[in-house]
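Student: Each chain, written out:
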Amino acid sequence: MTSPYRETVVSTLPRALTLPPQSPALAPAARRAARRRARRERATAWAFIGPSVVVILGLSVVPVVWSLLLSLRADDLVTPGRWVGLDNYDALVQDPGFRTAVGNTLLYAALYVPLSLVGGLALALALNGRVRFAGLYRTLVFVPFVVSATAQGVLFSFILDPEFGAANALLHHLGVSRQGFLSDPGQALYLLVLISLWSGVGFCVVVYLAALQDVPPELVESARIDGANRVQLLRHVTLPALTPVTVFLLVWQLITALQVFDLIYVTTKGGPLGSTTVVVYFVWQQAFQLFTAGYGAATAYVLAVALFLAGGALHLLRRRGDRTEGVAR
Amino acid sequence: MSGRGALGRHLVLAPLALAFALPLVWLVLSSVMSDTEINRFPPALWPKGVDLGGYRYVLGNAMFPRWFANSLIVASVAVVSNLLLGALGGYAFARMRFAGSRVLLGLMLATMAVPFQLTMIPTFLVMKWFGLIDTLGALIVPSLVTPFAVFLFRQFFLALPREMEEAAWIDGCSRLRVLFSIVLPLARPALATVAVLTFLTTWNDLSWPLIAINHDTRYTLQLGLTTFQGQHHVHWSAVMAGNVITVLPVLVAFLLAQRTFVQSLTSSGLKG
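Chains L and E supply the protein sequences, listed in that same order.
Note that our numbering numbers the first sequence so that position 268 is 268, with each residue one more than the last.
Note that our numbering numbers the second sequence so that position 211 is 1211, with each residue one more than the last.
Wrong hints could be hidden among the right ones.
Unchecked claim - A few chain L residues facing chain E, derived, Cβ under 7 Å:
id, residue
1, Leu140
2, Ala167
3, Ala169
4, Val206
5, Val266
Read the hints as simulated data drawn from the structure, not as lab findings.
Just so it is clear, the structure is predicted and the values come from calculations on it, not from any experiment.
Note that beta-carbon positions come from the ideal geometry of N, C-alpha and C, so glycine has one too.
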């Protein structure tokens, strides 16, 4: 076989294979050969990881630094910008639009995160064990998760359309008056939470279901023999065993919630009356609609730091939780 | 479990599962309704007959098939490239020794924690600098390989036994040959996971195409669908037909490979 790789065969052998006993009495020629092999090995490794390094680091490390510089400038992405120091951050603190966006985002997260976790756990517990049609139920609950936020948004804009939507039709049959739904500033954000729950609970369900398989059956059995009822079993055996998964889901769902954008762009575009303007929507608007990219970058930095702190805090919480759990055992 | 307990469970589970399915059922139903059935109050809740007017309108529209093709191109290139570059990178990190590999791996992992909002403005500027804005290239380049793919392959390769690879080295195979003819055939679960997640995220993405693409001939399906909805506000059957077409590839893939999907999505977070 005339493989182009043939000639490099020996040279790419790992050091440990070609030079088993690293004897000090090795001849200089052999040592040179070994060095050459190591060099070839290094070249091969860099050829393997090179493309990934360029794409991944080039499009993350460079932008992270660039974003920081951008956030210290007044820049519209078109004409040359100028240095403004911390002015963007100063303005941000005083911007009522930003404050509203933060408030909306926190309200959205405060509803979505706990509800998706509790709902996911409840459904997973109900589906766990020998339940008929469990597979079918799980599929139905999980399917919305693979539907894109765009498709969800378009679908629910239609269902919740105040004039022709199915939701108002159902309410009409029940004798309830027409609702504004997504066009009502008092309802829009809550409905967006509901839509997100529709698509997001399934993820929590399957993660919890997978984790429930790992709860040791002996533990459950011995607790039963000790006379624990269902609630006690859940509180003292199942929930503690699920703690790591719960923390993971908490972090995951929190990060997802704080970054919500697509659904809002498709359904309400931040309205009505700014009632659904979330932080990421605010960033997008500043950078790509109002062309105040420096200001948008500053906002993005504030959000990133908040995400980082939230993730870090939860991580610490988990480690402390692990330690106390270890002591209890 | 007692019979009564089981029945109680189903009385709760069945309506809930139906509630989850209902919006998607309504999506399909409304896509085959006529506009007169939809555009009245209260609208019909069940179509009288199957009206394919919406589908005809969407497929006759010059843009929709094009958006579908654009999405397919971007997602396919991303899948193939993530499998290839992810496997190469993951293999180097798992099996090869070179200076700086630990630092590099740590750096790559750290980038997974960087939120998209932070990088989107400069990534736009980088793509503009390369002249890629408003081309499919702007969508393809950032999704060529993700740190997740590299890391997942690395973890999977580390768990494989080394003996076979070592035998192949002694027989005189290169690293590349070993990877392609020995390691990858054993790495089916990792390949499936990366393929599924890459397809799902690139097909479903809206934010980045929204920023990187202006001209409607370069829209992806997701971007096209939102603008289509904005322009055909009262033509709901067509909008829903377009929506069905947007969701269908992912839905079919999911129903065909449900186990892989669920395992990919649960393992992606838990083991990462």
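Student: For which of the previously enumerated hints does the structure constitute a violation, in increasing order of number?
Tutor: The structure breaks only hint 2.
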